[in-house]
Amino acid sequence: MTGTRHKARTIAMQALYEVDAAARRPETVAERLLSETNLSEENKEFVRSLVNGTIKNKNEIDGNIRRFAPAWPVDQIAIVDRNILRLAIFEILFDNKVPVKVAVNEAVELAKTFGSDSSSKFVNGVLGSVSALTSR
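With the first letter of the sequence shown counted as 1, position 43 gets the number 42 in numbering that gives the first Met the number 0; the numbers rise by one all the way through.
It is worth saying that the hints were derived from the structure and are not from the lab.
Treat the numbers as computed from the prediction; the structure is a model and nothing was measured.
Note that CB positions come from ideal geometry on N, CA and C, so glycine has one too.
Don't take each hint at face value.
Now the in silico label distances, taken between C-beta atoms and shown as ranges [stated by the list, open to error]:
1) Phe93 <-> Pro72: 17 to 25 angstroms
2) Ala131 <-> Ser34: 33 to 41 angstroms
3) Lys120 <-> Ala20: 19 to 27 angstroms
4) Gly124 <-> Asn95: 18 to 26 angstroms
5) Pro98 <-> Glu41: 30 to 38 angstroms
6) Glu26 <-> Ala131: 29 to 37 angstroms
7) Ser39 <-> Ala131: 29 to 37 angstroms
8) Ala131 <-> Glu30: 31 to 39 angstroms
9) Glu59 <-> Gly127: 13 to 21 angstroms
10) Val73 <-> Thr133: 15 to 23 angstroms
Pairs of lysine-lysine residues, derived as PhoX-like cross-links and limited to a Cα-Cα distance of at most 25 angstroms, are as follows [said to hold, decoys possible]:
11) Lys100 <-> Lys6
12) Lys100 <-> Lys111
13) Lys6 <-> Lys43
14) Lys43 <-> Lys57
15) Lys100 <-> Lys120
16) Lys6 <-> Lys57
17) Lys100 <-> Lys57
18) Lys57 <-> Lys96
19) Lys6 <-> Lys111
20) Lys120 <-> Lys57
21) Lys55 <-> Lys96
22) Lys96 <-> Lys111
Work out the full structure: start from the sequences and follow the hints.
Here it is in structure tokens:
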């Protein structure tokens, strides 16, 4: 299950990246990416809920990024890092369906895979501060 959830988060992050970089409709992007996978319907729904929830709460999520990474204007953070942070902050502060540690670890793994050499440290640092807001 962990492997498929990681794959689902990867697809969600890719959808958020494309929406952010190319100003495409989230539903269209998510459905196209999901059509190219063999995820179960449950995991496809997980991807949709991550993408939709992150987009719906983007302004508040970005406020948290500004709060916990004040040296980095949100629009100047690398698109990959920004969307990994958005996804993880959604899971930590809004979704509340996985333990904070799981959301942070998944985000760090995504940063190691898709980000730059320093992305995982940056993501981990910001999410460490964000996760201090919750006692889960």
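Hints and how they fare:
no., hint, in the structure
1, Phe93 <-> Pro72: 17 to 25 angstroms, "holds (23 angstroms)"
2, Ala131 <-> Ser34: 33 to 41 angstroms, "holds (39 angstroms)"
3, Lys120 <-> Ala20: 19 to 27 angstroms, "holds (23 angstroms)"
4, Gly124 <-> Asn95: 18 to 26 angstroms, "holds (22 angstroms)"
5, Pro98 <-> Glu41: 30 to 38 angstroms, "violated (19 angstroms)"
6, Glu26 <-> Ala131: 29 to 37 angstroms, "holds (34 angstroms)"
7, Ser39 <-> Ala131: 29 to 37 angstroms, "holds (34 angstroms)"
8, Ala131 <-> Glu30: 31 to 39 angstroms, "holds (36 angstroms)"
9, Glu59 <-> Gly127: 13 to 21 angstroms, "holds (19 angstroms)"
10, Val73 <-> Thr133: 15 to 23 angstroms, "holds (21 angstroms)"
11, Lys100 <-> Lys6, "holds (18 angstroms)"
12, Lys100 <-> Lys111, "holds (16 angstroms)"
13, Lys6 <-> Lys43, "holds (10 angstroms)"
14, Lys43 <-> Lys57, "holds (21 angstroms)"
15, Lys100 <-> Lys120, "holds (15 angstroms)"
16, Lys6 <-> Lys57, "holds (22 angstroms)"
17, Lys100 <-> Lys57, "holds (21 angstroms)"
18, Lys57 <-> Lys96, "holds (18 angstroms)"
19, Lys6 <-> Lys111, "holds (14 angstroms)"
20, Lys120 <-> Lys57, "holds (22 angstroms)"
21, Lys55 <-> Lys96, "holds (17 angstroms)"
22, Lys96 <-> Lys111, "holds (23 angstroms)"
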